[in-house]
Structure formats: structure tokens, C-alpha cells
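Trainee: Mapped onto our numbering, the consecutive letters of the sequence shown carry residue numbers 1 to 374.
Hints should not be assumed to be uniformly reliable.
List of simulated lysine-lysine pairs, DSS-like, C-alpha gap at most 30 Å [unchecked claim]: (1) Lys230 <-> Lys243; (2) Lys353 <-> Lys316; (3) Lys329 <-> Lys190; (4) Lys125 <-> Lys99; (5) Lys125 <-> Lys230; (6) Lys99 <-> Lys24; (7) Lys230 <-> Lys24; (8) Lys117 <-> Lys99; (9) Lys329 <-> Lys353; (10) Lys190 <-> Lys316; (11) Lys329 <-> Lys24; (12) Lys125 <-> Lys190; (13) Lys104 <-> Lys116; (14) Lys117 <-> Lys230; (15) Lys252 <-> Lys316; (16) Lys117 <-> Lys104; (17) Lys357 <-> Lys316; (18) Lys316 <-> Lys329; (19) Lys99 <-> Lys116; (20) Lys329 <-> Lys352; (21) Lys99 <-> Lys230; (22) Lys190 <-> Lys352; (23) Lys316 <-> Lys274; (24) Lys357 <-> Lys252; (25) Lys104 <-> Lys252; (26) Lys352 <-> Lys24; (27) Lys190 <-> Lys117; (28) Lys190 <-> Lys243; (29) Lys230 <-> Lys252; (30) Lys24 <-> Lys252; (31) Lys190 <-> Lys24; (32) Lys274 <-> Lys243; (33) Lys116 <-> Lys230.
Since the hints were derived computationally from the structure, they do not count as laboratory data.
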Amino acid sequence: MDNRFHCFASAAFGMEGLVSRELKLLGLSGVSSVNGGVYFDAEPEQIFTTNLQVHFSERIYIVLASDICTTFEHLFNLVSSVNWQLFFAGNESIDISCKCSRSKLMSSRDCQSIAKKAIIEYIRKTTGQNIFPENGASLPVMISVRNDHVMVLLNTSGIALSRRGYRTWNGEAPLKETLASALVSLSPWKPGMPLHDPCCGTGTILIEAAYIAGQVPPGINRHFSMETIKCFQNLDFIALRSKTNSLPDENKMIGISGSDMNPDMLSLAERHIKQAGLSLNTIPLYCTPLQDLSLAESEGVFICNPPYGERLNNQKECRSLYHDLYILKQRHPGWRLCAITSDPAFERYFGKKADRKHRLYNGRLECVYYIYDH
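Given the sequences, and given the hints that come with them, work out the whole structure.
Mentor: Written out as C-alpha cells, the structure is:
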């Protein structure tokens with residue numbers, strides 16, 4: 001078996017550049033961005049450490065086959081072209097997921113059924129196995145159908161990489177961990193500078209900033225589906241995890257803090273900080289409305305995910321809060337401010353045009369990330 005795989009790191013719209021840059025920093029080859037993700041080449045050990053270390057990608061896939069498919073027969077033949085014996089030991093649960101868009105094949109359910117039939121037929125013909133109990137580990141296969149181009153993908157991550165494992169409850173305005181990490185990285189903040197989230201909620205932005213500053217692998221506290229897939233069983237996952245892991249350097253996490261007016265949210269933030277392996281002494285939290293917030297540091301960066309209104313059913317109150325953010329910025333003239341929202345009227349109610357903007361998605365919700373440098 002060739003020891004290198006052609007891989008695909010999926011990414012939310014607008015984050016492909018961050019994923020590409022990170023993969024290059026990890027020393028991976030063949031890095032190439034497309035809408036929705038980044039291609040790269042990697043050996044099995046690198047695939048595992050990539051799952052451990054990436055901050056912005058949703059999942060890491062191996063591209064098993066790809067071609068134009070306009071009929072179910074084409075799809076069946078494409079799936080059948082994969083050497084499934086490399087990945088299937090005998091009792092795996094064959095878990096097929098599928099996404100279809102702008103293609104002749106638009107039935108996800110039918111594509112799933114055809115793909116599973118092709119895998120079982122391949123195993124039956126090549127091994128003689130006729131019984132498939134599917135009571136073992138998952139063999140997670142993704143069928144991506146877009147503009148009639150089909151990719152047969154092996155999901156090496158399992159559940160989304162945004163699920164770091166430290167968050168047990170999302171609050172009313174959840175922010176994916178991958179997006180929170182992107183907000184930190186796209187902001188003017190650098191490790192060592194003061195960073196404060198004045199609407200910190202359950203603490204996701206603060207934890208992701210601390211992970212970046214302390215060089216903590218985001219996936220270090222979770223497992224990945226590739227750990228139970230046949231062709232990777234010769235890897236020493238414990239050794240690879242130990243080699244990648246290092247104790248958080250809390251001396252590098254200085255200056256990160258948060259506040260919120262809701263004590264229940266702050267209690268959850270404290271729990272999440274502890275579950276992330278971090279100290280509350282490292283990330284202090286304050287029960288303070290942003291209207292009353294006043295920080296001693298002369299320079300720093302505010303990063304926040306204020307309520308959007310459309311989700312909390314209170315648009316008028318949220319838009320008043322946007323102007324309160326402007327006043328907060330005025331009280332701290334040496335600070336820069338960054339805020340993400342889906343409300344297209346944010347700049348009008350804030351009271352000033354942003355210096356820079358990034359279009360991002362929080363789940364299915366299209367948002368804009370506003371950055372005020374002055």
C-alpha cells in the first residue's frame with residue numbers, strides 16, 4: 001500500500017485560507033484550496049497529527065476516488081473502484097453520509113444506498129464474505145456530489161473537529177469552536193497582548209485564544225475515527241498523541257479575560273475553562289454588563305459574538321447593544337474591537353464603518369466579522 005494519501009480538509013465558507021495556511025505551517029505537501037476546503041497529501045502519521053492540531057478545519061478526509069457521475073451506475077462503479085479491503089476488516093458498521101448539490105444525482109438517500117451496496121458487493125466478491133453483522137467500529141464514508149463531480153471520502157476525524165470536547169452546553173447563541181478560533185486569528189490580537197470578550201457567554205472565544213497562545217493542540221482531548229480503521233492499526237496512537245501533546249504553557253496565555261452580565265453563562269464558562277484543562281486564574285471572568293466595563297490596560301483587543309437579534313427574538317435590544325459596543329470602544333481609545341453578527345445593520349447601529357470585514361458562516365447563518373482598528 002502506498003504510504004501517502006490524497007486528503008481533503010473541509011472548511012466553512014471563508015475559512016479556506018486559514019486552513020491552507022495552517023496545513024502549510026504543519027509541513028504538509030500538495031496544499032491547494034478550493035471552495036469548501038483544502039486538498040493536501042499526507043502519510044498516515046501526518047493525518048493523525050493533523051486531526052490533533054488543526055484549529056479551523058471541520059473534518060479531515062482521505063479522497064478514495066473521484067470522477068464525474070451523472071447516473072447511479074456511474075456512482076456504483078466509482079465506489080466499486082476503491083480497494084475496500086484496506087479499510088474493512090469484516091464486522092465494521094458501514095456508515096455512509098452524503099451531500100448533493102447542483103447535480104443530476106440529487107437524492108442523498110439513494111446515493112447512500114448505492115454506495116453501501118457497492119462496498120458490500122466489492123467485499124463479497126473479493127473475500128467471499130456473505131454475512132455483514134456491522135457490530136464493530138464505524139467505517140465512516142462520505143459521498144460528496146457537487147456539480148456532477150463525485151468524491152468518495154473516508155472520514156478520518158469522526159465527529160466534527162469543532163467538537164473539541166470541553167464544551168457541554170452551548171448557550172443561546174452558540175459559536176463553533178473552529179469559528180471562534182478563526183475570529184481570534186483574523187483579529188489584530190497576538191499572544192501576549194490583552195484580549196477581552198465583553199459578551200463572553202460560555203467562554204469559547206477565550207478558550208480558543210488560550211489554546212492558540214499556549215500552543216495547545218485543539219484535538220488533544222478527543223478521539224478520531226481513524227483510530228479504529230483497519231489500515232491504520234499499525235500506528236502507535238498513544239505515542240503520536242504523547243509526542244504532539246505538551247502541557248499548556250499558561251505563562252503564554254497572559255492577558256486573556258472575559259465578562260458577561262449573565263451569571264449562569266459565566267458559571268458555564270468556568271466549567272468549560274476547567275474542562276479545557278485551563279485555570280480560572282489564567283482566564284479571569286467578571287460579571288459585568290459591557291455598559292459598565294472599564295479595563296485598566298491602555299491597549300488591547302475586544303473580540304465578541306454579541307446576540308444577533310434574529311435568533312434571540314429581540315432585535316431592538318440587540319441593536320442597542322451594538323451602539324454600547326461603540327461606546328465601549330470610545331472608553332478604551334487604545335483598544336481595537338472585533339465583532340461578528342448576521343445583522344446587516346450592525347455598522348449603522350454601532351455608529352461607524354468597520355476598517356475591515358470578513359464574510360464567514362456560523363453554521364448555516366451568513367455573518368460578517370467587523371474589525372475596528374481605530
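Trainee: All hints, please: hold or fail.
Mentor: Against the structure, the hints come out as follows:
Of the pairs offered as hints, the one joining Lys230 and Lys243 holds, with about 23 Å between alpha carbons and a cut-off of 30 Å not exceeded. Using a Cα cut-off of 30 Å, the hinted pair Lys353 and Lys316 holds, with the two alpha carbons roughly 20 Å apart. Restraint check for Lys329 and Lys190: satisfied, since their Cα atoms lie roughly 19 Å apart, inside the 30 Å limit. A distance of roughly 28 Å separates the Cα atoms of Lys125 and Lys99; the hinted pair therefore holds under the 30 Å criterion.
Using a Cα cut-off of 30 Å, the hinted pair Lys125 and Lys230 holds, with the two alpha carbons roughly 19 Å apart. At most 30 Å may separate the alpha-carbon atoms for a hinted pair to count; Lys99 and Lys24 meet this at roughly 28 Å. About 28 Å separates the Cα atoms of Lys230 and Lys24, which keeps this hinted pair within 30 Å; it holds. Taking the CA atoms of Lys117 and Lys99, the gap is about 18 Å. The hint holds against a cut of 30 Å.
Proposed proximity of Lys329 and Lys353 is supported: the alpha carbons are some 13 Å apart, at most 30 Å. With a C-alpha separation of about 34 Å, the suggested pairing of Lys190 with Lys316 is violated against the 30 Å cut-off. Proposed proximity of Lys329 and Lys24 is contradicted: the alpha carbons are some 36 Å apart, above 30 Å. At roughly 57 Å between alpha-carbon atoms, Lys125 and Lys190 are farther apart than 30 Å, so this suggested pair is violated.
Between Lys104 and Lys116, the direct Cα distance comes to roughly 19 Å. Compliance with the 30 Å bound is thereby established for this hinted pair. Only pairs whose Cα atoms come within 30 Å are accepted, and Lys117 paired with Lys230 is accepted, the gap being roughly 20 Å. With a C-alpha separation of about 40 Å, the suggested pairing of Lys252 with Lys316 is violated against the 30 Å cut-off. The straight-line distance between the Cα atoms of Lys117 and Lys104 is roughly 20 Å, inside the 30 Å bound, and the hint therefore holds.
Among the hinted pairs, Lys357 with Lys316 is consistent with the structure: their alpha-carbon atoms are about 23 Å apart, no more than 30 Å. Simply put, Lys316 and Lys329 have alpha-carbon atoms about 21 Å apart, close enough for the 30 Å limit, and the pair holds. Distance check on the hinted pair: Lys99 and Lys116 sit about 15 Å apart at the alpha-carbon level, within 30 Å; holds. At roughly 11 Å between alpha-carbon atoms, Lys329 and Lys352 fall within 30 Å of each other, so this suggested pair holds.
At most 30 Å may separate the alpha-carbon atoms for a hinted pair to count; Lys99 and Lys230 meet this at roughly 25 Å. In summary, the hint linking Lys190 to Lys352 is supported, as the alpha carbons are separated by about 24 Å, within the 30 Å threshold. Between Lys316 and Lys274 the alpha-carbon distance is near 35 Å, which puts this suggested pair outside the 30 Å criterion. The suggested pairing of Lys357 with Lys252 holds, with an alpha-carbon distance near 28 Å, which does not exceed 30 Å.
With a C-alpha separation of about 52 Å, the suggested pair Lys104 and Lys252 falls outside the 30 Å cut-off, and the hint is violated. The suggested pairing of Lys352 with Lys24 is violated, with an alpha-carbon distance near 36 Å, which exceeds 30 Å. Restraint check for Lys190 and Lys117: not satisfied, since their Cα atoms lie roughly 51 Å apart, outside the 30 Å limit. Taking the CA atoms of Lys190 and Lys243, the gap is about 26 Å. The hint holds against a cut of 30 Å.
The straight-line distance between the Cα atoms of Lys230 and Lys252 is roughly 39 Å, outside the 30 Å bound, and the hint therefore fails. Proximity of Lys24 to Lys252 is assessed by CA-CA distance (about 24 Å); at most 30 Å being required, the pair is judged to hold. A threshold of 30 Å between alpha carbons decides the hint, and for Lys190 with Lys24 the separation of about 20 Å falls inside it, so the pair holds. Between Lys274 and Lys243 the CA atoms are separated by roughly 23 Å; this keeps the pair inside 30 Å, and the hint holds.
Taking the CA atoms of Lys116 and Lys230, the gap is near 18 Å; set against the 30 Å cutoff, the hint holds.
In terms of the numbered hints stated before, the structure departs from hints 10, 11, 12, 15, 23, 25, 26, 27, 29, listed from lowest to highest.
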